[in-house]
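Peer 1: Using the UniProt record's numbering, read the sequence shown as starting at 1 and increasing by one per residue.
It should be emphasised that the hints constitute simulated quantities derived from the structure, not laboratory data.
Take the hints with a grain of salt, since some may be wrong.
[Stated by the list, open to error] Now the in silico label distances, taken between C-beta atoms and shown as ranges:
| no. | residue 1 | residue 2 | range |
| --- | --- | --- | --- |
| 1 | 10 | 35 | 33 to 39 Å |
| 2 | 86 | 31 | 30 to 36 Å |
| 3 | 84 | 40 | 18 to 24 Å |
| 4 | 15 | 41 | 18 to 24 Å |
| 5 | 81 | 12 | 26 to 32 Å |
| 6 | 16 | 50 | 16 to 22 Å |
| 7 | 85 | 57 | 36 to 42 Å |
| 8 | 51 | 15 | 15 to 21 Å |
Just so you know, even glycine gets a beta-carbon here, dropped at the ideal spot from N, CA and C.
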Amino acid sequence: MKASEAPTIQHPNWNQYRNRIIAAIADVEVMMQQLGKGINSEVLTEEVAERLMMEIDTPEAYEALLKLVRATRDIAREGLRMTREEQGGQYALILV
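Starting from the given sequences, assemble the full structure and let the hints guide the process.
Peer 2: The structure is reproduced here in structure tokens:
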């Protein structure tokens, strides 16, 4: 998929798309935690696009994806925190 063709908030598949973004963010966050490293939003956006096999084809599409990553990053982190607490630090993430 091209980033410029990604669903927007008015699209019927918006929630599914947003959830895939959150799952990809969580996956990258876990990897960075395991490596003991941090990651900025710009690099995270590129990693998310790569995991979702999304081609960032225009500057506008990149900016839209970057804004979505920034807006949902805390949601992904909170999900990871809750999962760690519920499962005593053990968890597995599956990207759909």
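Peer 1: Evaluate each hint against the coordinates.
Peer 2: Here is what the structure says about each hint:
1. 10 - 35: 33 to 39 Å: With Cβ atoms ~38 Å apart, the hint holds.
2. 86 - 31: 30 to 36 Å: With a Cβ separation near 21 Å, residue 86 and residue 31 fall outside 30 to 36 Å, so the hint is violated.
3. 84 - 40: 18 to 24 Å: Holds, at about 23 Å.
4. 15 - 41: 18 to 24 Å: For residue 15 and residue 41 the Cβ distance comes to about 22 Å; the hint holds.
5. 81 - 12: 26 to 32 Å: Distance hint for residue 81, residue 12 holds at roughly 30 Å.
6. 16 - 50: 16 to 22 Å: Distance hint for residue 16, residue 50 holds at roughly 19 Å.
7. 85 - 57: 36 to 42 Å: holds, 39 Å
8. 51 - 15: 15 to 21 Å: holds, 19 Å
In this structure, the one hint that does not hold is number 2.
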